[in-house]
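Novice: For reference, the chains in residue letters:
There are 2 protein chains.
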Amino acid sequence: MNSCREIIVSPQKGPSYPVVVGVGLWARAVATIPPGRVCLIADRTVFDLYGPSLVGALERTGRAPVKVTFPAGERSKTRRTKVGIEDRMLAEGLGRDTVVLALGGGVTSDLAGFVAATYMRGVPYVNMPTSLLAMVDATVGGKTAVDTAAGKNLVGAFHQPSMVFVDLASLATLPREETWCGLAEMVKHAVVADAGYLSFLKQKAAALWRGEPDICCEAVCRSIEIKAAVVSQDTTEQGVRRVLNFGHTVAHALEQQAGWRLSHGKAVAAGMAVEAEVAFLLGLLAADDRDVLLGVLREVGIWHVPTFPDPDRLVHVMSWDKKAFGGKIRMALPEAVGRMCSGNGEWSVEVAPDLVLTALRRVWGV
Amino acid sequence: MNSCREIIVSPQKGPSYPVVVGVGLWARAVATIPPGRVCLIADRTVFDLYGPSLVGALERTGRAPVKVTFPAGERSKTRRTKVGIEDRMLAEGLGRDTVVLALGGGVTSDLAGFVAATYMRGVPYVNMPTSLLAMVDATVGGKTAVDTAAGKNLVGAFHQPSMVFVDLASLATLPREETWCGLAEMVKHAVVADAGYLSFLKQKAAALWRGEPDICCEAVCRSIEIKAAVVSQDTTEQGVRRVLNFGHTVAHALEQQAGWRLSHGKAVAAGMAVEAEVAFLLGLLAADDRDVLLGVLREVGIWHVPTFPDPDRLVHVMSWDKKAFGGKIRMALPEAVGRMCSGNGEWSVEVAPDLVLTALRRVWGV
Numbered sequence: 333m334n335s336c337r338e339i340i341v342s343p344q345k346g347p348s349y350p351v352v353v354g355v356g357l358w359a360r361a362v363a364t365i366p367p368g369r370v371c372l373i374a375d376r377t378v379f380d381l382y383g384p385s386l387v388g389a390l391e392r393t394g395r396a397p398v399k400v401t402f403p404a405g406e407r408s409k410t411r412r413t414k415v416g417i418e419d420r421m422l423a424e425g426l427g428r429d430t431v432v433l434a435l436g437g438g439v440t441s442d443l444a445g446f447v448a449a450t451y452m453r454g455v456p457y458v459n460m461p462t463s464l465l466a467m468v469d470a471t472v473g474g475k476t477a478v479d480t481a482a483g484k485n486l487v488g489a490f491h492q493p494s495m496v497f498v499d500l501a502s503l504a505t506l507p508r509e510e511t512w513c514g515l516a517e518m519v520k521h522a523v524v525a526d527a528g529y530l531s532f533l534k535q536k537a538a539a540l541w542r543g544e545p546d547i548c549c550e551a552v553c554r555s556i557e558i559k560a561a562v563v564s565q566d567t568t569e570q571g572v573r574r575v576l577n578f579g580h581t582v583a584h585a586l587e588q589q590a591g592w593r594l595s596h597g598k599a600v601a602a603g604m605a606v607e608a609e610v611a612f613l614l615g616l617l618a619a620d621d622r623d624v625l626l627g628v629l630r631e632v633g634i635w636h637v638p639t640f641p642d643p644d645r646l647v648h649v650m651s652w653d654k655k656a657f658g659g660k661i662r663m664a665l666p667e668a669v670g671r672m673c674s675g676n677g678e679w680s681v682e683v684a685p686d687l688v689l690t691a692l693r694r695v696w697g698v
Numbered sequence: 333m334n335s336c337r338e339i340i341v342s343p344q345k346g347p348s349y350p351v352v353v354g355v356g357l358w359a360r361a362v363a364t365i366p367p368g369r370v371c372l373i374a375d376r377t378v379f380d381l382y383g384p385s386l387v388g389a390l391e392r393t394g395r396a397p398v399k400v401t402f403p404a405g406e407r408s409k410t411r412r413t414k415v416g417i418e419d420r421m422l423a424e425g426l427g428r429d430t431v432v433l434a435l436g437g438g439v440t441s442d443l444a445g446f447v448a449a450t451y452m453r454g455v456p457y458v459n460m461p462t463s464l465l466a467m468v469d470a471t472v473g474g475k476t477a478v479d480t481a482a483g484k485n486l487v488g489a490f491h492q493p494s495m496v497f498v499d500l501a502s503l504a505t506l507p508r509e510e511t512w513c514g515l516a517e518m519v520k521h522a523v524v525a526d527a528g529y530l531s532f533l534k535q536k537a538a539a540l541w542r543g544e545p546d547i548c549c550e551a552v553c554r555s556i557e558i559k560a561a562v563v564s565q566d567t568t569e570q571g572v573r574r575v576l577n578f579g580h581t582v583a584h585a586l587e588q589q590a591g592w593r594l595s596h597g598k599a600v601a602a603g604m605a606v607e608a609e610v611a612f613l614l615g616l617l618a619a620d621d622r623d624v625l626l627g628v629l630r631e632v633g634i635w636h637v638p639t640f641p642d643p644d645r646l647v648h649v650m651s652w653d654k655k656a657f658g659g660k661i662r663m664a665l666p667e668a669v670g671r672m673c674s675g676n677g678e679w680s681v682e683v684a685p686d687l688v689l690t691a692l693r694r695v696w697g698v
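Each protein sequence line maps, in turn, to chains A and B. Just remember that the numbering used here sits 332 ahead of the position in the first sequence, which is counted from 1. Just remember that the numbering used here sits 332 ahead of the position in the second sequence, which is counted from 1.
Just to be clear, a hint being listed does not mean it is correct.
Below 20 Å or equal to it, Euclidean Cα-Cα: the simulated SDA-like pairs (lysine to any residue) are [to be verified]:
| # | chain 1 | residue 1 | chain 2 | residue 2 |
| --- | --- | --- | --- | --- |
| 1 | A | 536 | A | 546 |
| 2 | B | 345 | A | 484 |
| 3 | B | 660 | B | 638 |
| 4 | A | 660 | B | 429 |
| 5 | A | 399 | A | 347 |
| 6 | A | 345 | B | 346 |
| 7 | B | 484 | A | 424 |
| 8 | B | 345 | A | 347 |
| 9 | B | 345 | A | 423 |
| 10 | B | 345 | A | 452 |
| 11 | A | 345 | B | 345 |
| 12 | B | 345 | A | 489 |
| 13 | A | 484 | B | 425 |
| 14 | B | 484 | A | 454 |
| 15 | B | 399 | B | 454 |
| 16 | A | 399 | B | 482 |
| 17 | B | 345 | A | 565 |
| 18 | B | 345 | B | 566 |
| 19 | B | 484 | A | 422 |
| 20 | B | 345 | A | 454 |
| 21 | A | 399 | A | 423 |
| 22 | A | 345 | B | 566 |
| 23 | B | 536 | B | 633 |
| 24 | A | 345 | B | 348 |
| 25 | B | 484 | A | 428 |
| 26 | B | 536 | B | 454 |
If the Cβ cut is set under 8 Å, some of the chain B residues that face chain A in the computed set are [said to hold, decoys possible]:
| # | residue |
| --- | --- |
| 27 | 415 |
| 28 | 418 |
| 29 | 449 |
| 30 | 450 |
| 31 | 452 |
| 32 | 456 |
| 33 | 477 |
| 34 | 480 |
| 35 | 482 |
| 36 | 486 |
| 37 | 488 |
| 38 | 546 |
| 39 | 549 |
| 40 | 592 |
Just so you know, the hints here were simulated from the structure itself, not pulled from any lab data. Computed from a prediction, not measured in an experiment: that's the story for all the values here. C-beta: ideal position from N, C-alpha, C; glycine also.
Given the sequences, and given the hints that come with them, work out the whole structure.
Specialist: Put into C-alpha cells, the structure is as follows:
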C-alpha cells in the first residue's frame with residue numbers, strides 16, 4: 333500500500349480539517365503542518381518507538397520541536413499531568429504561535445488536545461494517532477478531556493484538530509488488548525450506521541487483527557466517515573451524536589465497578605451485547621438482528637463476559653452515569669443492524685432498571 | 333434610578349447574550365437564568381457581602397445553589413484553585429445540567445468562567461460582576477483564564493456567558509483602588525473609539541468616583557457597547573481586537589517588573605501615557621491629541637508615575653511579552669482621540685526599543 337486516502341471532516345462548529353490515512357506518511361506529513369513552533373507531546377513508550385524519526389523529519393524541515401513526554405497509561409490522563417506539560421511549554425518560552433503535535437493513543441490525544449485547547453486560550457493541534465482506537469475514535473469529534481478521582485473525562489473541552497495523520501504502520505507495534513478496543517468501536521460504528529460494514533468486519537477479522545494495511549485502511553476510513561457524518565450534525569452531543577453511546581452505558585458501569593482495570597474495548601463489547609438484548613426486550617430490535625449482532629461480536633473475536641459480583645450494583649452505578657438524566661438510565665439502542673432508534677429526537681431511550689437486570693441475566697446467565 | 337438598560341452582545345462565534353445594567357436587579361435576575369442546577373462561585377469577601385441575599389433569592393425560586401468560595405485576590409486565580417472548585421462540584425454530584433453563577437470581580441469571572449468552560453467539557457455560565465473593571469471588561473469578550481508562575485492568563489479558554497447582570501449597587505462597597513482600575517479601562521475604551529465619551533468621563537469624573545448610579549450606568553453601558561463592537565468583529569484576537577491592548581504592552585511590563593504588586597489600573601493608566609507618547613514620536617498622533625489624552629488621565633484622577641528602577645529592563649521585559657511576535661515589541665496605538673491606527677490590518681505597530689526608552693524618559697523623566 334503506497335497511496336493515501338484523505339477524508340475531510342466538517343464539524344458543525346469550527347473549520348473543516350483533513351484526516352489523511354496511509355502507511356509511512358508521518359515523514360512527509362510534517363512538511364504540511366501549520367506554521368509556528370512545534371511542541372511534540374507523547375507518552376514515553378510511544379516516543380521511544382516513533383519520536384526520534386518524527387523529530388528527525390521535523391528537523392529536516394527546519395522546525396526542531398520542543399519534546400514533552402509523560403508516563404504511558406490512563407493514569408497519566410490527569411489535571412496534574414496537564415499542569416506539568418503546560419509548565420514545560422511555558423519554561424520553553426512557547427507562545428501563541430505554538431502548534432501541538434499529539435503522537436499516541438487515546439490518552440495522548442485527549443490530554444494533548446486539552447492542553448492545546450487551553451494553552452494561551454487555545455493553540456492549533458495536529459493529531460497523529462498510533463492506536464486503532466485513537467484512529468477511529470479520537471480523530472473525529474473534537475472531544476478532549478482528563479480524568480479526576482470522581483470519574484473519566486469529567487474536565488475537558490471541545491477542540492478540533494487542524495489536521496490528523498493516521499499512519500497505519502504504527503499498528504504493527506500495537507498490543508492485542510489495544511486492537512480489541514479499536515475493533516469494538518468499529519463494530520459499534522457498523523451497528524449504528526452500516527450493515528454492509530458489519531459484514532466486512534466479520535469477513536476480514538483475521539486481517540484486521542494482523543494489522544494488514546489495505547484492510548485496516550478500508551475499515552478505518554469507513555469508521556471515520558460514519559463518525560464524522562454523525563458528529564457533523566451535532567458537535568456538542570445534544571442529539572444524534574448520542575447514538576455513538578451504543579454499548580457505553582453498560583460499559584461505563586462495568587469499568588467503574590472494575591475500578592477501571594477492565595479494558596475499554598472489552599467493556600464496550602460486553603456492553604453492546606447487553607444493550608442489544610435490552611433493545612430486543614423493549615421490542616425495538618428483532619430477534620434475528622440481535623442474533624446477527626451477538627454473532628459478529630464472537631466472529632470478530634471480541635466477545636467478552638466480564639467477571640463481576642453484583643448485577644444490582646451495576647444497575648445502580650448506571651443510574652449515576654454522567655449520561656443519566658435525573659437518576660434515570662438511558663441507552664442509545666439499535667432498531668436494526670445499521671440503524672439506531674431516534675427516540676423522538678432524543679436518540680436515547682429510558683430503560684427501567686429491572687429490564688436491564690433481565691438483559692444482564694439473559695446474556696451472561698448471572 | 334429604577335430602570336434597567338439591556339445591551340445585546342453578539343460574539344462572532346456563539347450565540348448572542350444580554351448584558352442587563354441597573355440597580356438592585358440581582359434578586360429579580362435569578363428568576364431568568366438558564367435551567368439546571370446552580371453553582372454559585374464567589375470569593376469569600378464578595379460572598380459575605382452579597383452571597384446570602386442572592387442565595388435567598390435563588391431559594392425563593394426553588395433553586396438552592398451549591399456554594400463554592402475561595403480566598404479573595406489575584407493569588408487565587410490558579411490552576412490549583414480551579415481543581416479545588418471542580419472537585420467540590422463533582423463531590424456535590426453536579427452534572428452536565430449545571431449553570432455556573434460567577435459573582436465577583438475580574439478574578440472570579442476569569443476563574444469561574446474557565447471552570448464553566450471545561451467542566452464536563454463546558455456548561456453555561458452567568459456573570460454577575462461586582463467591580464467597575466469587571467463590569468466594563470470581563471462582561472464582553474468571553475476571555476477566561478488563570479495565572480501560572482510564568483505569568484498572567486497563560487492558561488484559559490474563550491467561553492461566552494449566557495447572560496450578564498451588572499448591579500451598580502455593588503459599586504458602593506468597591507475599594508478606591510478597584511475604581512481606579514475600572515476608570516483606566518473606560519478611558520481606554522474612549523480613546524479607542526469615542527472622543528465624546530472621553531469628554532463625558534472627564535466631566536463626570538467626580539460622580540464616577542462616588543459611584544452615582546445614573547452616571548455609572550451611562551458610562552458602563554458606553555464602555556460595554558464599545559468593547560462589544562470591537563470584539564464582535566474578532567472573537568479570538570487575530571485582528572482588530574488588538575486595539576483593546578492600548579496601554580497594555582507597557583502595563584504588563586510594569587506589572588511584571590513590580591512582581592504583580594502594582595494594581596492593573598495604575599499600570600494601564602501609566603501605560604497609556606507612555607504609549608500615547610510613542611504614537612506621537614512615531615508621527616502617528618498629533619501633539620494636541622496626545623496632550624488631550626494626558627490631560628484626561630490627570631483630570632479623571634488616574635495619572636500615575638510608577639516607581640521602577642530600570643527603563644532598560646522594562647523594555648527588555650516588553651520584548652518577551654505574550655503579545656510580542658518573535659521578540660519584537662508591538663503596540664496598539666491611537667492615531668487620534670477616538671481612532672486607532674490600523675497598521676495594515678494588524679491593528680498594532682512594531683516599535684523600536686530605543687523609541688520606547690525615549691518615550692519613557694519624556695513622560696516620566698527617568
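Novice: Would you list, in rising numerical order, the hints stated earlier that this structure does not obey?
Specialist: When the structure is compared with the hints, numbers 2, 3, 5, 9, 26, 32, 38, 39 and 40 turn out to be violated.
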